[in-house]
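Chemist: Protein chains in written order, with our numbering: chain A, 1 to 199; chain B, 1001 to 1155.
Below are the BS3-like pairs computed for lysine-lysine, each with C-alpha atoms no more than 27 Å apart in a straight line:
no. : chain 1 : residue 1 : chain 2 : residue 2
1   : A       : Lys106    : B       : Lys1006
2   : B       : Lys1107   : B       : Lys1044
3   : A       : Lys50     : A       : Lys153
4   : B       : Lys1052   : A       : Lys139
5   : A       : Lys185    : A       : Lys22
6   : A       : Lys47     : A       : Lys139
7   : A       : Lys139    : A       : Lys153
8   : A       : Lys22     : A       : Lys102
9   : A       : Lys50     : A       : Lys139
10  : A       : Lys139    : B       : Lys1044
11  : B       : Lys1108   : A       : Lys69
12  : B       : Lys1003   : A       : Lys185
13  : A       : Lys106    : A       : Lys22
14  : A       : Lys153    : A       : Lys63
15  : A       : Lys153    : B       : Lys1108
16  : A       : Lys185    : A       : Lys102
17  : A       : Lys155    : A       : Lys63
18  : A       : Lys185    : A       : Lys106
19  : A       : Lys47     : A       : Lys63
20  : A       : Lys63     : A       : Lys139
21  : A       : Lys69     : A       : Lys153
22  : A       : Lys155    : A       : Lys69
23  : A       : Lys50     : A       : Lys155
24  : A       : Lys50     : A       : Lys63
25  : A       : Lys155    : A       : Lys139
26  : B       : Lys1003   : A       : Lys106
27  : B       : Lys1108   : A       : Lys139
28  : B       : Lys1108   : A       : Lys50
29  : A       : Lys153    : B       : Lys1107
30  : B       : Lys1052   : B       : Lys1108
31  : B       : Lys1108   : A       : Lys155
32  : A       : Lys47     : B       : Lys1107
33  : B       : Lys1052   : B       : Lys1107
34  : B       : Lys1006   : A       : Lys185
35  : A       : Lys139    : B       : Lys1107
36  : B       : Lys1108   : A       : Lys47
37  : A       : Lys50     : A       : Lys69
38  : A       : Lys155    : A       : Lys47
39  : A       : Lys139    : A       : Lys69
40  : A       : Lys69     : B       : Lys1107
Keep in mind the hints are simulated off the structure, nothing from the lab.
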Amino acid sequence: MALQNEDKLEVGYSSLQPKPKKWVLLMLRLLAFFATAAATVVMGLNKETKTLVVATVGTTPIKATLTAKFQHTPAFVFFVIANGLASIHNLVMIMGDLCGQKLDYKGLRLAMIAILDMMTVALISGGASAAAFMAELGKNGNSHARWNSICDKYKTFCDHGGGALIASFAGLILMLIISVMSIIKLLIKPKPDSTTVVP
Amino acid sequence: MAKINKIFSNILRLLAVAATVVAIVFMVTSHDSAQVLNLTFTVKYSYTPAFKFFVIGEAIAGGYTVISILLSFKTLFWRLIVILDMVATVLLASSISAALAIAQVGKKGSTHAGWLPVCGQVPHFCDQVTVALLAGFAAAVIYFVILLCSLYAVL
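The whole structure should be built from the sequences, with the hints applied where relevant.
Modeler: This is how it looks when you write it as structure tokens:
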């Protein structure tokens, strides 16, 4: 009688446990997807054109058109690629959570999700920090190397870049929380051959 | 199997500590000066915030690795170690990424922003920074393998 109660308690508890965490994880992944996708799009469309008068020949001024694009800086290119890959990863994970609950490979589904989440966190952190220091260099310049700051000339470019950076850092914090939750899900997986109640 | 995993993980942690120490030492001792048109042009690692962040990040990761080697003989914190290993990996990836971005600008310059490359005038500084960045990259890769080992130990 006591053993039956214990089995019922174990089955009831383990079926109750993932439910509240599943919706929280899904919401966090959706938010992280939006954050990284916003960072990708804003930085990918970051472009500013300025026309300067270079010289005056007689009465006609000679104009030079200068553009600031994100492709000019390898750090920003890496930023766009990293955030794009991260948003694709989040999208695939959301689809896997919603539609492919039965997909499994030798029981390693949770481990693969945890490893992929950790790789994505490292990728986003690399991209965000490289772009952040590059943006700091563009904003303040470097007096020791005689590099002038470019943000006073290209204000919109700098503003959009700053917005994309903030979105990416928000995505990084969300991905860190998601990764920790995936690892916790891996650690408290109920073992099938034990008869004790899972704490 | 768990014993082999722990020994392998500790060997990798020692390698990671060595890599971070090499990175820190080479970055901190890198300074050079050159004479350009009667002006003395000095460079130190502390003139760039990205390199300072690199040194601080490697120092924190190296210190954490030493603590985790000492604590691995107790097996009380084995669940916390996975999460802290992930934080250290993220920190190392972030510092090497930032330092590489600024070093690339220093070596190649940026024609669009009107920034001249610096490495032609101070080659000694650039060589030492290159060695430091290689060591930092090795530390990041080793740490990712350590993370996989820790994850395998708790599976």
